[in-house]
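A.B. asks: Line by line, the protein sequences are chains D and B. Take the first sequence: its letter number 277 is residue 277 in our numbering, and every next letter is one higher. Whatever position you read off the second sequence (first residue = 1), add 311 for our numbering.
Honestly, I wouldn't trust all of these hints.
[Claimed, not checked] The following label-pair restraints were derived from C-beta to C-beta distances:
no.: 1; chain 1: B; residue 1: G573; chain 2: D; residue 2: L96; range: 50 to 56 Å
no.: 2; chain 1: D; residue 1: E27; chain 2: B; residue 2: I314; range: 40 to 46 Å
no.: 3; chain 1: B; residue 1: A613; chain 2: D; residue 2: E125; range: 50 to 56 Å
no.: 4; chain 1: B; residue 1: A616; chain 2: D; residue 2: D171; range: 52 to 58 Å
no.: 5; chain 1: B; residue 1: I314; chain 2: D; residue 2: H214; range: 36 to 42 Å
no.: 6; chain 1: B; residue 1: A616; chain 2: D; residue 2: A115; range: 35 to 41 Å
Think of the hints as simulated: they come from the structure by calculation, not from any bench. Glycine included, C-beta positions come from ideal geometry on N, C-alpha and C.
If you want the building blocks of each chain, they are given just below.
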Amino acid sequence: MGGQVPIVSLLAVRDARKSFGALVALEGVSIELREGELIGLVGPNGAGKTTLVRAIAGRVRLDAGAVELLNRPVEPGSPRPELGVVPQEIALYASLTARENLEAFGRLHGLAARALAARVDWALEWTGLAARDREPVRRFSGGMRRRLNIACGVLHEPRVLLLDEPTVGVDPQSRERIYEMLAALRRAGTSLLLTTHQLDEAESLCDRIVVIDHGRVIASGRLAELIAGTIGEGRRVLLSVDRPVAEPIDGLEPEDGSGTTLGAHVKDVASELPALLRHAAAAGLEVRDVAVRSPSLHAVFIHLTGRELRE
Amino acid sequence: MRIGWLNLVRDRVALAMTFVLPVAFFSIFQVVFGSQGGRGEVRPLRVALVDQDGSEASQAFAAALQQEKALRLVTTARARRASAKAPSATLDRARAQELVRDGELSVAVVLLTGFGEGLARFDAPARAELLVDPSNPIAGPLMQGMLQKAAATAQPDGLARRGLEQFEKYAGALTPGQRQVVDAWLAQPKSDSASQSPIAEGLVSVAVTEVVGGGPNAPLIAFFAAGTGVMFLLFSCAAAGGSLLEEVESGTLERLLTSPLGMGRLLVGKWLLVTLLGVMQMTVMFVWGALVFGLELVPHLAGFALVTLATAGAASAFGLVLASACRSRGQLSGISTIVILMMSAVGGSMFPRFLMSESMQRLGLLTFNGWALDGYLKVFWRKAPLVELWPQLLVLSLLAAAFLAAARLLARRWETA
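Isolated chain D, as found in the complex (with noise of 0.2 Å):
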């Protein structure tokens, strides 16, 4: 065995198919978690994400397809110890103080009295909440209720856990102390499973990234290997002008709707920019500002999925 932990499959979703009328919301859906990973799924509104992530919660009763926990198949409705679920709602009871709900969802996840104590102990310093224990948690910021939803979830030490969005309308130091958070799950072996429409979260937390759209896997991998299956390792030249531009020039082209930034594609920065700086002068245009921007899943993003509104 050489003493290498072998790569376990935690979680697997295959072939995952769900139709909720006539409206098809996953069609064909496999995804596959493994021990220590941290999964993102992001994908436009109504891609499936939720969809999938309630049919792995044994939420959904799947048309096709299976989920398997732990290479176990798992049929919705039956227990699943070692799955955690942190739903996008704050689902918490308001009027219950922060320690009464981690002690009522531990309790409903069967932990017994001592165990459960010393996990509420744990989640209110892993929160940060252990100072406003015995404050109900209507009296608590956004940020505070988001902690708790998460540390609702995993009580009972699961060893996957699927996250709803759990940064959603948190400001930029919550979201930190959740990240926080999350790596020292990360760390005592948890494996997580992840929605969200924060690209910058998704790229820089995850070890791989899934992108859903319309029920199906449109691409998954590392994001440089997104990058790479989609717009390229090259970097994105943008020229902002004095005047807007309506056609191409030369290799730049407009890059938004007035015209004034102009675009280019370029694998070496330094040997393709002069050009770009001439071509522009001698269509009479006045280069304001340069800007080159690295590859970033929000590129990846809009190139798979499009700009085209979801609603």
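Model the placement of chain B on the given structure of chain D, informed by the hints.
C.D. replies: Quick look at chain B alone, frame taken from chain D:
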């Protein structure tokens, strides 16, 4: 103003509450209470008649009573706890008393031995006994008046017959023709003017016996405590059932359902808690009634406990059914207000059912309140032994089971999609 109007129009339940509810209530109260008034057909009073005298005159008196449209005489009944096929026997005083105490009949008239003879004499009035339920304030006095009237109607016959008997004894029998004329006259209905003659007053001496003890006020306190208590129990159970919708709205239900706790256990947990709260609510109500208004709680503690437990269990399950049938808490509060107030009106929480018309009484048995109140009245009013509570306890328990099953089925929509 425009925003408020649009909000109201979009919310159909609120709209219904605004316009349909008052009309529905007006109609129910008209049906329930309007029929009690003089204009509608008066419900005949169901009266037990026990003829201990058995004389010709007492039978004539009974026949005269039978003529009254306002009365329906009952002279035979099956023995208590006899099967439906058992033959009916002529009523005796004890059975008549049972029927009144059980609330099956409004009042019983016992024509005492010597009644017929008393009718024919001027010096001593005929003696009768009225067995009344003090909770029904109308039946007793009404019946007393009826007795005097019947006596006046029947008495001329009796007097005439006795006169003729004396006549025939001394003067010889009537000819067949004469006999025919006399019989024809005797058979004629007598005009009501007879009841206005001076001798019609006080023809029958009536002794009134209350078959249900505790004084006339004690049962009414029990009625008000039970009526109000059951109605508010339903309201608080519906509100408590709303915690289910609160869980749906806040997302905690989603969280609970991803825990090992299933929907079934969740519902049972909520049902047990709300049942317990309901028992406490009714207990507080009756203890208050006992302390402040002299309700006899302590002697009836066991019956109270049984009926309260069954009632609270059913009310709690009812609250869960309402909650799981509604989409939002706004809808729940609207629908539960309508349903509960209607059931309370028809089921006798606002006005005793035994004073309603028979059809309304039967309709009341379709309501939750009807059965619960019957249970409480049996305990506090009729002072029935515990075993006699079985129909109410059975129905309430079955209702609780049916409501729970219905709530479980309705709650499936929150389960796996």
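A.B. asks: Within 50 to 56 Å: is that where the Cβ-Cβ distance between B/G573 and D/L96 falls?
C.D. replies: For B/G573 and D/L96 the Cβ distance comes to about 22 Å; the hint is violated.
A.B. asks: Is 35 to 41 Å right for how far apart the beta carbons of B/A616 and D/A115 are?
C.D. replies: Since B/A616 and D/A115 have Cβ atoms about 39 Å apart, the given range 35 to 41 Å holds.
A.B. asks: Given the hint of 36 to 42 Å, check if B/I314 and D/H214 actually sit that far apart at their C-beta atoms.
C.D. replies: Cβ of B/I314 to Cβ of D/H214: about 38 Å, so the range 36 to 42 Å holds.
A.B. asks: The hint says 52 to 58 Å between B/A616 and D/D171; measuring C-beta to C-beta, is that right?
C.D. replies: holds, 56 Å
A.B. asks: Quick one: are B/A613 and D/E125 within 50 to 56 Å, going by C-beta?
C.D. replies: holds, 53 Å
A.B. asks: Do the Cβ positions of D/E27 and B/I314 conform to the proposed distance bound of 40 to 46 Å?
C.D. replies: holds, 42 Å
The structure does not agree with numbered hint 1 stated previously, though it agrees with all others.
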